[in-house]
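When we follow the numbering used here, the leftmost residue of the sequence shown carries the number 2, and every step to the right adds one.
Calculated from the structure, these hints are not laboratory results. Treat the hints with care, as some may be off.
What the hints assert, rightly or not - Here are the simulated lysine to any residue pairs, SDA-like style, with alpha carbons at most 25 Å apart:
#1 K189 x A179
#2 K412 x V519
#3 K9 x A75
As the structure is a prediction and not an experimental result, all values here were calculated from the model.
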Amino acid sequence: MSENKDQKFVYDFTEGNRDLKDLLGGKGANLAEMTNLGLPVPPGFTITTEACKVYLESGEAPAELRDEVSAHLAALEAQMGKKLGQSDDPLLVSVRSGAKFSMPGMMDTVLNIGLSDESVVGLAAQSGDERFAWDSYRRLIQMFGKTVLGVEGELFEDALDEAKAAKKVTVDTDLDAADLKKLVKHFKKIVAKEAGRDFPQDARAQMDLAVEAVFNSWNTDRAKLYRRQERIPGDLGTAVNICSMVFGNLGPDSGTGVAFTRDPASGHQGVYGDYLQNAQGEDVVAGIRNTVPLADLEGIDKTSYDQLMTIMTTLETHYKDLCDIEFTIERGQLWMLQTRVGKRTAGAAFRIATQLVDQGLIDEAEALQRVNGHQLAQLMFPRFDDTAQGSEGPTLLGRGIAASPGAAVGKAVFDSYTAVKWSRSGEKVILIRRETNPDDLDGMIASEGILTSRGGKTSHAAVVARGMGKTCVCGAEELDVDTKRRRMTVGETVIEEGDVVSIDGSTGKVYLGEVPVVPSPVVEYFEGRMHAGADDADELVAAVHRIMAYADRVRRLRVRANADNAEDALRARRFGAQGIGLCRTEHMFLGERRELVERLILADTDSEREEALNALLPLQKKDFVELFEAMDGLPVTVRLLDPPLHEFLPDITELSVRVALAESRKDANENDLRLLQAVHKLHEQNPMLGLRGVRLGLVIPGLFKMQVRAIAEAAAERKNAKGDPRAEIMVPLVGTVQELEIVRDEADQVIAEVEAATGTSLKLSIGTMIELPRAALTAGQIAEAAQFFSFGTNDLTQTVWGFSRDDVEASFFTAYLEKGIFGVSPFETIDKDGVGALVRSAVQAGRATRPDLKLGICGEHGGDPESVHFFHEVGLDYVSCSPFRIPVARLEAGRAAAESKGSDSR
């Protein structure tokens, strides 16, 4: 029950506005906004998200809701001059969901509420079109049966297909009134049998049940899955919009369509959208009948077309963004049923943002909020090599509508279950359907791309794919998709399940076989091989360049790279890195050098140990010289050896077998025996929490000293060569200040020796990684001995949660995500409440001790868009990530600095 008796649960379309999305949902807020703008919106009212929340929490609608709905319904009936379900002239309404954030196709809609066995006759008489009335009734029973009563949708589809087959026609518009009357009878029998009750004849009962179904649809599996995918909070609830019906299925002078004020796939300006004569809105989105391009409407109904163009300009200027519009034409009268800021592809987002700046509609700060790091990452994916299709290359099968760009290659699958199953086994798949529906969502998420033989740029497949950045080709009519036999036929060619296909979401081309890929132009730009101002520069590259330049101007966070060699360092520098935040020295001990590490581990005496370290020293120094040269003038943070030593030794099982076989042949190898003893000695039950990091440096004499000497000598060599080395020495896995003090004292001594020997002054700073909860909790003490902190959030996440990442991701993470325990893996995006709280407190304590303490982060979270915003907020100086993610971190650091309130970048 509702606690607040004064709370208002229902708003007329004339009462709201676009700023009330939390309360009225996106659809209701925008219907109200269009009403306020004087656009032709059918009258109606919205039940708020608050009512939904009460229903979901208590299982009952608020006590006041029924009376409020009755009052608004009476006002609507008075305005329309007829009553809901009136037998001789019925008022009909639609009941549609509408959450704060667009969730296309995830929730439910029921049209034509108010029709019954009696009122269908009145509708036929009033409209003068018996076919239209029975078609509307047929649609109501079908939608109501599936959505409200839970009847399997395919039962209705099969009955419709049988009716068409009996009449020897292929489209439902060829069925006449008599055919549709029979179909209504059949549909009612399906409802009675499957739902265990008759289709309700009372109009108000229909409406109330439909409202309840919309409330319940907030927590369907597909809605929850979509929210997890899009990171939409689960406690928002949905509003319900009750709108007087207008009909696009009244004949050839009626129709329904979806329009975009710009192309959502490319961002180009023009007339984009789909139109379907003699149809209702769901027909367009479902992609069941192929539409005509919106531009064709000019020849069909020029008056409505011109009015629509004017409205589209009004809406785009008002919202200052790409608008997605649903409309219906009823006998030449245009009606607006919905508008929202439209979902778009990554390329379109960058193009549109810069276009709107040039038009003076938004400023650069707002343009920065219109794009995000996930979109930039998509633009960096490879694309198909158009020159590679030769006589022996992949075969062009056909062409559809380029609905969502990208290059996707995978094995053909024909249902969502198989897509998910194969994907979990590591296979890359392309989901192929006639058309998709909301039940295909999990398969769409699991696939590399989506291919449909029906539908257009506004079909379910296209809208959802664009929203989640998946490659999609729709409406490829040449392809005969047979989902029951799990095959697709194109002329004489048959593509069976498991055959490899390639789809190009930028051109709409579909190929049999694997098409080679080439780097994207955006990566070529970051690599410096394409100049944004060149005459042949890609317009997308120009848009990316402008937005990146603005992000770099406004960001406070610096961006470094995780790089272990000169090649990676140079690439990172090209991508905009401002230094190296993590050089993992253990990567320098692999390959041929592994033997020297084995000698160090096996050393029984100080002299043997010294000999092994002396052999490693020049190799380490050479690596650092190359690295400091590549990053000349920029900071390079070198982490001393971190992993447990057994990682440099042979596998215990493999070595045991080798020794046993040698002994059986009386051919024992002394070195192998010593190695096996060392492996047994160093074996740990939980190496992640064992002898590693600073503990290793304290237990193995001379190890860290050798590394510090190599760093110092390399820095001195670069300085004497007129370079500008800026090395920082980072001690890993410190849990107490005493550990750091011991290592620091030894390091200071070594650095002083190198300075004296080379006659150079080396300003090497010494700091630590904060990757243990104790280090974070005692950060104030540790800062006394550290000149910088770098948060190792990978290990910090493991130790805070008590997770071994390698084990838990394979065992129970999927279940945790499905149950909603995680919205997203804490290894992907920083856990703000747990790990983040430790980071925040360590920042505050460290800076309280040492105000000039330099602070950074070098875990994988450094390149995660959401995490970058958190690191900006808590006051870090830099983030460090893999070279490929540097542009994403730069962009998000700019967005974090220039963030404007109220902007919804979803």
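So, going through the hints one by one against the coordinates:
no. : hint        : result
1   : K189 x A179 : 16 Å, holds
2   : K412 x V519 : 20 Å, holds
3   : K9 x A75    : 17 Å, holds
In this structure, every one of the numbered hints holds.
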